[in-house]
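J.: Read off the chains here:
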Amino acid sequence: MLTLAIASSVRQSGADSPPGRADKIEEIVVTGTRTPERSQRATVKTDVVTRDEVERRGATNIAEALSTQPGVRVDPGAYGYLGGVGAIQIQGFDLQRVLILEDGEPVVGDVGGAIDLSAISTADVERIEVVTGPASSLYGSNAIGGVVNIMSATPRASGPAAGARAEGRDRHGLLLQGHGSYREGKTWMRLDTDFFRRDGVARSAGVPDLHLPATSRFMLGARGGVPIARNIDVRVRARWSRHRFDGLSSELAPGLGRYLLDEPSETDRLAVHFVENIAFAGGSSLRLTMGRQWVDNAASSIQRGSSVGDRRERRQGLQSAEAIGTVADGGRTWVVGSRAEVEHIDQTLRTTESLSSGLTTHSQAELVPQTLGRAALYGQLQWKVHDALTILPGVRGETNLHFGTSVTPRLATSYRPMQKIQLRFSFGSGFRAPSAKELGFLFDHSSLGYRVVGNPDLRPETSWGANGDVTFQPTSASILRGGAFMNWVRDLIDVDLADASASGSVVDYRYKNFGKARTFGVQMFGSIRVGPMLHTSLTYDYLFTRDDVAGRPFGGRPPHTLTASVHALLLGGIEADMRWRTSTDAFVSESIRAPGYTTIDLRLARAVGARSQVYAGVLNVTDVHQIPGRVGDLRPPLGRAFYVGFRSDWSGEEE
Amino acid sequence: MMRRFAAVTAVLALCSFACSDSVDSKLGPDAAGPDNREFDTGVELRVPVADEGRTFVKLSPPSIVVPAGDPAPSLDWDLAFEGFDVFTNGGASGTGDAAAFGPLDAAAFATGDTSQVPFLQEDKTGGAFLDWYAYEGDTHALFSRYHVYGVKDAGRLWKVQVLGYYGQRDGAAVAALYSIRCAEIGSDGVGPTRDEALLDGSAGGVAASPTAPNDCLDLASGARAMLTPDAARISHAWHLCFRRASIAVNGDTGGPRGASAVDLDAARTETLATIKAKTAETERPAFDAVTAAAFDGKAFRGDRVISAFSDLWVDPKSGAPVHAAWLIRDALGRQQFLLGFTSFENATAKSPATVVVRIKPARG
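These protein sequences, in sequence, are chains A and B.
Per my numbering, the very first residue in the first sequence carries number 71; after that it's consecutive.
Per my numbering, the very first residue in the second sequence carries number 37; after that it's consecutive.
It is possible that part of the hints are untrue.
Covered stretches of chain B (in silico footprint by chain A; criterion: 3 or more residues with CB under 8 Å from a CB of chain A, positions within the stretch not fixed) [said to hold, decoys possible]:
1. 234 to 242
2. 328 to 338
3. 364 to 373
I should point out that these hints are in silico values taken from the structure, not numbers from a laboratory.
Owing to the predicted nature of the structure, the values given are computational and were not obtained by experimental measurement.
Positions of the beta carbon are idealized from the N, C-alpha and C atoms, including for glycine.
Sequences and hints are given; from them, build the entire structure.
T.: The structure is reproduced here in structure tokens:
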């Protein structure tokens with residue numbers, strides 16, 4: 071990502087920016103330290119994907135926006151028939167070991183432990199910040215591998231503004247995005263909407279099954295800000311989205327023929343967020359937030375023409391309140407915060423069977439209703455010892471109603487021995503609290519002879535991680551960076567198949583803390599800008615993982631990844647973008663390796679007038695894709711995809 | 037649901053077909069040429085198995101044991117060897133919680149990885165109909181092999197062919213709704229062929245209790261009765277009981293009627309593809325061709341105790357143990373172990389004489 075942050079996108083671009091415009095203002099990031107810093111000089115390495123860059127990558131959702139991000143891996147095919155779930159990996163960790171935030175608020179509603187990044191639209195996104203390495207000292211649970219913070223846009227122009235984007239894609243894909251906003255002084259409001267749909271992808275010839283389900287997504291968002299006093303302003307954000315998969319599979323009933331199973335899955339999300347900012351003299355501030363999220367999911371598998379099948383309903387909610395004080399004290403900036411959260415989740419499985427007595431429906435609680443509460447205090451000092459040296463110690467203590475207290479410290483430093491060289495190092499702790507599922511799950515397959523049950527006695531997973539890098543910036547147009555990380559994790563939670571307990575003919579498998587693992591990686595990055603015409607970058611990532619209990623690597627982690635990008639301004643005002651990513655083959659199990667692959671994305675765009683742009687592109691030019699049914703296949707589930715679109719933004723005078 | 041039900045009932049088949057689509061693969065992986073490289077860890081135990089009687093084994097620590105008193109209610113043993121049978125202390129064999137799964141790839145013994153094991157199987161009763169189906173792992177579907185069986189009771193003889201495991205009800209394909217064809221074979225020839233459809237072996241469905249009733253059929257009268265397993269065990273009102281993927285015969289351990297059965301096609305080996313190509317229509321001539329003469333010299337027997345090892349752990353061609361691993365839960369239900377049989381020493385026609393086995397705790 072630094073790729074573009076330096077090479078091409080050193081800009082502050084909002085959705086209201088005219089297409090293609092590139093203000094030469096360096097990105098400001100906040101996620102790594104909770105204080106605004108210039109991205110290239112941030113004390114904690116924070117990569118940024120700007121909105122323009124999101125569009126240049128041909129992305130319609132966050133999973134696509136990050137799919138070729140160096141140091142990050144998005145596995146969109148990790149969850150079987152759902153197909154579209156974008157499980158993100160950072161530093162070898164995935165699922166609940168990577169924290170996903172929207173405007174600083176944790177996103178709930180996982181599928182199999184993964185927040186589905188493909189369900190999050192890019193419509194109202196201004197930038198995505200990616201912090202690699204443990205960040206639990208600021209964010210608490212789940213921030214072991216890193217943090218992804220999806221930041222929404224605020225209108226920068228006074229008066230009314232509006233924008234629209236329409237795009238057609240392969241497989242009857244259609245993307246429609248629009249926004250309208252109004253700003254007067256510090257008072258503003260903005261409405262966003264997004265619609266996307268795409269046909270499913272057939273599994274193989276001869277059967278009606280879909281490898282990827284048909285997908286549709288709809289989002290409505292409303293945000294606003296108003297000053298209620300000279301130094302106090304209030305912001306409110308509400309966002310509703312519906313994400314639907316329509317899967318189709320079939321089962322062969324020997325002697326009867328093939329029966330179709332409709333497999334719809336629909337998720338409704340509603341998030342409401344309230345923020346009050348109080349500014350004090352000297353740059354100090356107090357930020358008070360309250361948030362609430364509701365996530366309802368219903369997934370079914372029903373034999374077509376009957377009501378026989380399963381329906382799984384899951385409800386999840388999160389309420390939060392947080393206060394963050396920032397005290398500027400000369401070269402020292404203190405951040406002190408407290409946060410309280412209450413999370414609720416329950417899951418029910420309803421099964422309808424045909425029995426001799428007729429159709430029978432029975433329900434069971436797969437997830438005993440869980441209410442999880444936690445409260446945290448955290449503090450951090452950003453001490454600019456002198457112009458070249460910044461030291462950043464921080465610590466967070468979190469009390470969880472289930473397992474007690476976790477304390478996670480971090481120490482980060484940034485040193486610039488000379489103007490062109492920056493050294494950064496951080497060492498910190500991370501943890502992941504047991505999820506509601508791991509605490510209270512009941513996956514009852516007694517009829518198959520087993521159950522998977524939760525364990526209320528679980529402890530949190532804990533980690534230590536070290537990150538360091540050296541940046542050399544010989545000119546303002548070029549940059550070289552080399553970095554490395556290492557993580558040690560213990561008490562990993564998983565189902566222990568070797569330690570089951572039996573009751574009659576039914577075996578219970580429980581979640582337990584028994585895992586131990588290490589990850590290590592290296593990243594080499596270089597970027598150069600040749601005048602205004604050409605920006606290019608190259609990143610190499612090496613990843614080593616080791617499951618110290620099983621004595622083998624984690625599955626699905628390619629050790630070597632090479633990412634290249636080129637952004638060029640061609641004749642006729644045409645902008646051209648190319649992204650290339652090559653991943654080597656990867657361990658899946660002792661007898662299975664995932665094949666390596668290369669993807670290439672191309673895009674051409676041209677301004678139409680001052681406010682509009684037409685563009686066309688092709689994702690995955692080489693058409694590399696998964697083989698349905700192949701275990702552990704990491705290649706993209708979708709093959710080559712063409713798209714063509716138009717976007718237009720209209721705004722008043724920018725402030 | 038259909039898949040799930042099929043999976044329930046396909047434990048034995050999972051063992052048989054996990055690694056190949058060949059029906060012969062019930063012999064287990066790599067039956068021909070074991071080099072036992074995978075079995076160089078764990079504890080080696082040499083189990084003497086006499087031609088008569090049982091030898092009992094405790095898994096932790098691996099040892100030969102002699103249970104005090106009646107072995108049946110004892111938890112002092114986990115495995116019992118009897119001739120070329122291996123039983124576990126659970127289900128139909130004992131009061132413990134022991135159960136097993138296999139054959140697994142021998143590499144599972146070396147790596148300790150048992151994540152591929154879906155669940156463990158307790159010992160249960162079964163007999164002539166044990167291998168009535170072939171299981172396709174990819175689809176979890178059960179395909180009838182269309183073997184022709186003989187069922188004998190009180191001087192009367194029937195031939196039976198299983199036509200399918202699935203029936204349509206309430207607009208859906210439902211597993212464990214059997215259809216069969218049968219005909220009585222008398223001294224004056226073969227009687228009319230009768231089809232019996234929708235024999236309900238669903239046993240109350242996925243969430244039913246183990247005591248849910250299932251259909252049992254009297255071949256003579258065609259009468260059906262829904263009986264619980266306990267009721268069937270003391271009932272004379274049936275010849276064949278259909279429960280999930282199992283077809284029981286009312287004799288020996290199956291019930292009190294004294295019926296017995298034989299699989300005329302037990303020696304037939306076919307690929308799964310061959311079996312899948314068969315239909316009730318294509319196999320009708322084979323059924324029609326069976327007369328009384330086909331049963332001459334055949335050994336009819338009632339049901340017996342079947343474990344995860346039955347008919348799977350010995351290579352019938354070489355007489356050696358198959359080169360595979362087995363996952364076993366102990367009688368106390370607390371710990372799982374991996375087993376790998378490395379050799380038989382001085383085997384006779386009645387027993388392996390000495391079974392050399394490697395044992396180690398399993399890790400998921």
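J.: Hints first: check each against the structure and report whether it holds.
T.: Comparing the hints with the structure gives:
With 5 residues having a Cβ less than 8 Å from any Cβ of chain A, the stretch 234 to 242 of chain B passes the three-residue criterion, so the hint holds. Residues of the stretch 328 to 338 of chain B with a Cβ under 8 Å from some Cβ of chain A number 0, which does not satisfy the need for three, so the listed coverage is violated. Note: the stretch 364 to 373 of chain B has 5 residues with beta-carbon separation from chain A under 8 Å; the three-residue rule is met and the coverage holds.
Against the hints set out earlier in the document, a violation occurs for number 2 only.
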